[in-house]
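Student: Just so we're aligned: the sequence shown equals residues 1 to 203 in my numbering.
Since the hints were made in silico from the structure, they are not lab data. A few of these clues could be false.
Below, a list of computed lysine-lysine pairs in the DSS-like style, where the Cα atoms sit at most 27 Å apart [to be verified]:
1. LYS36 with LYS14
2. LYS14 with LYS200
3. LYS14 with LYS26
4. LYS36 with LYS5
5. LYS26 with LYS200
6. LYS200 with LYS36
7. LYS200 with LYS5
8. LYS26 with LYS36
9. LYS5 with LYS26
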Amino acid sequence: MSVRKVLVTGLAGKIGGIIRSNLSSKYTLSGLDLQKVPEFPTTVANLSNLAEILPAFEGIDTVVHLAADPNHQGNWETNLENNIIGTRNVYEAARLSGVNRIVFASSNHVLGFYPLRDNPYKQIYEGDFREVRQPVIPLAANLVRPDGYYGVSKAFGESLGSYFHDEYGMSVICMRIGWVMEPDDPTFAPSALSLWMSHKDTA
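Required output: the full structure, derived from the provided sequences and hints.
Tutor: Below is the structure:
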């Protein structure tokens, strides 16, 4: 069985580094980023330019789309260019190149206003566990309540994945990533515990 060729956008970033450390022995990894990644073939290009990024997708089996402006308080302009237009270009380049699967890095910020505004999620986020009424009702996976333009851009990426699946038959997996921290220890604050996503789980 041949080893899957996986293109990772944002391979130079924090989560990209976790993937490099944990998955490079299982898959043939390449990167698409704004800078070279040592020891990995990397296409240096801006996601906002479809023609520039297209060569990186040739012969790829799976795309892991991590690249984004990660500032959850970012303004509309940066989210539009990097997280909306850039994400659309990644999906489109994958389609044009015959890639059969995309793993999209979404975010807890798609649901960000729940822990900021509503109990019991706010109480859990703040560590006020004595006031939490049982049972806690889990949030449905299809709910959207973004806490800024970053969350809006990630909700867009999820919706775009649904469209590309239904329209083109592409396999799309959307992961709402919580707080991936360095060092990998969430015990410094209740909010960190409520959002923590370990390096092992991330990979």
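Student: Each hint needs a verdict: does it hold in this structure or not?
Tutor: Here is how each hint holds up against the structure:
| no. | hint | result |
| --- | --- | --- |
| 1 | LYS36 with LYS14 | holds, 14 Å |
| 2 | LYS14 with LYS200 | holds, 13 Å |
| 3 | LYS14 with LYS26 | holds, 19 Å |
| 4 | LYS36 with LYS5 | holds, 18 Å |
| 5 | LYS26 with LYS200 | holds, 15 Å |
| 6 | LYS200 with LYS36 | holds, 25 Å |
| 7 | LYS200 with LYS5 | holds, 21 Å |
| 8 | LYS26 with LYS36 | holds, 21 Å |
| 9 | LYS5 with LYS26 | holds, 10 Å |
Violated hints: none; the structure is consistent with every hint.
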